[in-house]
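Q: Sequence:
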Amino acid sequence: MEKQYGRKPKSTGLIDHVFSWSLNDVQNQALYKDKVSPIPDKFSSRRHYMGSFIVSLIEETRADLSSSIRTACEASESESESSTWEPTSVDTAARELMSIEKSSQFKLPRYFLYDVSLKSVEGNGNNAEVYEPQAGDIIALTDKIPYYIESESCYNIALVTGSYGKTSDKLQIQSPKPMMHEQIMSDNKKRRTIYAVYLINITTNNCIWEALHRSPHGGNIRIIDKVLQTDSSAGRGCALCSSGSEAFKSVTDLEDRIRSFGLNLSQEEAVLSCISAAMCHHENSVKLIKGPPGTGKTKTVASLLFAVLKMKCRTLACAPTNTAVLLATERLLSFVKGSLENGTYGMGDIVLFGSTRGMQIDDCDDELHDIFLDSRANILARCFAQGSGWKHSLESMITLLQNLEGNYNLCLGNREDEGNEEQGKQGKLGKGIFIDEKEEIDKKNFQSLKFSGGECDDFFISQDFVERFDLVHGQLKVYTVNLYTHLPTSMIPLDVMKNMVRALNLLKNLSDLLHSIEEDLDKFEDKGKRIRRLPDLQRRTEVCLQTLRSLGKMFSVPTLANEYKIKSLCLKNAVLIFCTVSSSSKLLHIKDMKGIELLVIDEAAQLKECESTIPLQISGIRHAVLVGDEMQLPALVKSKELENTKFERSLFERLVSLRHYKHLLDVQYRMHPSISLFPNNEFYEGDIINAPKVKEAIYSRRFLHGNMYGPFSFINVASTVPELEEFNVRHSSKNMVEVAVVSQIIASLFEETKARKEKVSVGIISPYKAQVHEIQKKLGKAYSTDAESQFSIKVSTVDGFQGDEEDVIIISTVRCNSGGHIGFVKNYRRANVSLTRARHCLWITGNAKTLEDSHSVWEKVVQHAKGQRCFYNAYEDTNLAKALIVCFLERYHLDGVHYMASQLFRNTRWKVFFDDKFWESMAKIMNTAVHKEVLSLLEKLSSGWRPKVRNPYAINGTHLMQYIIKRQFHLLWAVDIVEENSCYIQVLKVYNIVPSHETTGVTRDLCASFEKFTIDHINRCKYTSGQGEAPMIWQMPSKGLYRGFH
1 MEKQYGRKPK STGLIDHVFS WSLNDVQNQA LYKDKVSPIP DKFSSRRHYM
51 GSFIVSLIEE TRADLSSSIR TACEASESES ESSTWEPTSV DTAARELMSI
101 EKSSQFKLPR YFLYDVSLKS VEGNGNNAEV YEPQAGDIIA LTDKIPYYIE
151 SESCYNIALV TGSYGKTSDK LQIQSPKPMM HEQIMSDNKK RRTIYAVYLI
201 NITTNNCIWE ALHRSPHGGN IRIIDKVLQT DSSAGRGCAL CSSGSEAFKS
251 VTDLEDRIRS FGLNLSQEEA VLSCISAAMC HHENSVKLIK GPPGTGKTKT
301 VASLLFAVLK MKCRTLACAP TNTAVLLATE RLLSFVKGSL ENGTYGMGDI
351 VLFGSTRGMQ IDDCDDELHD IFLDSRANIL ARCFAQGSGW KHSLESMITL
401 LQNLEGNYNL CLGNREDEGN EEQGKQGKLG KGIFIDEKEE IDKKNFQSLK
451 FSGGECDDFF ISQDFVERFD LVHGQLKVYT VNLYTHLPTS MIPLDVMKNM
501 VRALNLLKNL SDLLHSIEED LDKFEDKGKR IRRLPDLQRR TEVCLQTLRS
551 LGKMFSVPTL ANEYKIKSLC LKNAVLIFCT VSSSSKLLHI KDMKGIELLV
601 IDEAAQLKEC ESTIPLQISG IRHAVLVGDE MQLPALVKSK ELENTKFERS
651 LFERLVSLRH YKHLLDVQYR MHPSISLFPN NEFYEGDIIN APKVKEAIYS
701 RRFLHGNMYG PFSFINVAST VPELEEFNVR HSSKNMVEVA VVSQIIASLF
751 EETKARKEKV SVGIISPYKA QVHEIQKKLG KAYSTDAESQ FSIKVSTVDG
801 FQGDEEDVII ISTVRCNSGG HIGFVKNYRR ANVSLTRARH CLWITGNAKT
851 LEDSHSVWEK VVQHAKGQRC FYNAYEDTNL AKALIVCFLE RYHLDGVHYM
901 ASQLFRNTRW KVFFDDKFWE SMAKIMNTAV HKEVLSLLEK LSSGWRPKVR
951 NPYAINGTHL MQYIIKRQFH LLWAVDIVEE NSCYIQVLKV YNIVPSHETT
1001 GVTRDLCASF EKFTIDHINR CKYTSGQGEA PMIWQMPSKG LYRGFH
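Final position of the sequence shown in full-length UniProt numbering is 1046; the numbers increase by one with none missing.
No false leads were slipped in.
Simulated restraints on C-beta separations: (1) A929 - K1012: 32 to 38 Å; (2) S902 - N981: 14 to 20 Å; (3) G686 - R47: 38 to 44 Å; (4) S784 - E255: 43 to 49 Å; (5) S902 - R701: 32 to 38 Å; (6) F43 - D256: 38 to 44 Å.
Heads up, simulated SDA-like pairs for lysine to any residue below, C-alpha to C-alpha not over 20 Å straight-line: (7) K1022 - W945; (8) K310 - D256; (9) K586 - G136.
It should be emphasised that the hints constitute simulated quantities derived from the structure, not laboratory data. All residues carry an ideal CB built from backbone N, CA and C; glycine is no exception.
Using the sequences and the hints, build the whole thing.
A: Rendered as structure tokens:
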């Protein structure tokens, strides 16, 4: 490995290994071959457990970096060849550097530290998605764009350690060696453009690294010790928690509320078991909930989280991805929303935190926005601000009302004329009234009432006073609601919240009275009526003052101005915290963090076991609940060396393999029974039952006509061409024939649902990125990707559909070869995910022979389709047959064209025969629209339709017909006679399609060839049935066969 220029830090971290690699090291797949070992099923100690993952983690980081370098180089090269290269391409994330200089914070023995400025987003001059660096990114600095590494000297990587300000334009980066680019950019004569090219982000791997190296004294080891147990009885529950225990009573109290969620028996049992465990103080536990596709796993998790929230049991809810975290959070909030008894009070007990960009929480999404930590900290910072926050608004309102109470802020007397009214506004309002958090209102003198003879004959409230009251009242209301919404209930007790609400109601009543008096003045109402309101005004003012003063004594806002401290405050006191598994590492670094009692990991089977060690070590955790399904996709591992080491295996899967007790959710609510039948039997041993709703007749929806488009079908894309699959530059498979089939199904589906005004969502799944790209390219922007639209389309890989569901799913299996080779498509977990995403219809496209020869789960899928009589050939649908012909023509597969044409016209009214020259001419016409129009015309001709103007060329009475296509080509055809089953039969003979300028010569040659026909043959061609354009049939003479030629 390459020698370091700077000295390493004292402790070795993951980044030290990354910085130690030379380019050859990164590209060497065997670098750690002799050091990587399979992950055991059982472990002898904590040290053995933690140490088993370390080398594999280093190797996976190397493989990820190597893959990213290769991808960046290939993408850049491809883009540069196709068009003008843009450094902001999505495939090649890069930004241009404006400056780079050594940081003033750099001190040995640290790595070299540089301050970097990037060219602003506006300066890139295009609308492409812009790469925004973030902490943990590994970037390559290069002056060679498209990015390409020619030698070791071109390999210059750095770690982004942070950014400054609200944008990502100013960065601090760490590098293992001096950056020569610094000299290049500072020397105007030698200056060259430098780019920062994104490679990978190592934040998650770094968090895993720290978790694996945490000392037993630096974290919680109780759950870690529990997962090392191999007792198959583990997870069943505590024997000491009897029916009279506190845990049992807590569960009993919550049973009615839990049942109100409409859980089935398996879901309810799982939730109650986990609640019992959470209340147990006798032992630590790890619970497993297995949720096969469509069994309501998210609903079960949300029900559990709602219950522990009500129990005030501090809980951390994690998932591997932001998407999974948000899904669980939204479902929990749907339960909470209907249960809050005091407005939004209690929402402060729930916190969602993570990367703002990663979470992508829209400001208009009020519910998520209300609990998102960044938003909450910003709101609370305004409430806590001295001189403008809640406390200041409260004091301002008290001061204002004191003035009103002291001299009643009234003046008794008779109302003067307009001139005296302006003169009368001469009394001090008091201090402390602000327009907003920054600007103080000018203190204006005013007089609200006038005195006369010591008795109150009349009074009025000035508009100035009312406006100031409304201003302070509005600010106080916003701050008060924000406080009891965003502060945890442990910091703002229920009685305080109720006093806050009471104060706001009293101020609202007082405001209504002030406005009413003001309106009376405008209307010149009877002054006696106004005088009678004076005692009510005084009483309301006095009650408001008493309540506000009391509120100020019983509650004080924290004196925190720093948003980081406010975030820590929220996390320390929250009852329920949502975040990704890797983000949970931040909780380990919060000073005086209150212990978390329960850990719930959703989608736990998608998580490498070493990543699970991050939240498992958080202080205080006594119980863990893992929710997932080991029969679905595991974590993605890129290293070839780790393929058979079980590095991708989850803790969930390992415990299941050791026969750890699990709760199985056994009712599926998603799939039509015809869809669920195969995966249930193949992957779940028939243990899953169909919910009543999916068995109802209304759940069986027909989106297209024909048996081929029932709830489940396999559409065989057969061909005489044995190798239809292709590979792109990244060695990803694609099959353009299947692309044609899928796009035609989508087109038909769109037209049909549009005509019926039905709303339908369609998902297209393929295991290969290249196929996904080609399908997206073929569909273009013709269909919406918005899930809320009437007809929505989502196209993605299997990984992209994990956890998703759509009304219709179309699977493109891609592989088509003579050897039955299907690569990683044979993975049973990928098959399971693909086959279980559909609600109403699942249509699988593929080459049946290739899949049957693969000896994989897909062989069973094909056999199942045949056994259920759901197996169809694509050419059985006329539209698909035409789409296949067009596709074969575009790719010049004439054998495939001939085969599909024979299938397309096999059952038509008129049999159709083609001259070889016709298909050769069609293949040379590089115009899909022409191909489609010709096929549509031939379909009409074969049904008996004839054009009104036939433009005949007559030779000896025979007719050669021509039809003009797109004003550019002439289709040449005629009626001919063939012998079949001792009969003469009229058929269509299609000779050629030629450009307009070649028509004369071609027709002359064709007409000349007709001279070999007999008069009898020509006459039979001219006969019509008298019943439209049906083909004529004659019995052959008994004295020998008729011959059509001379």
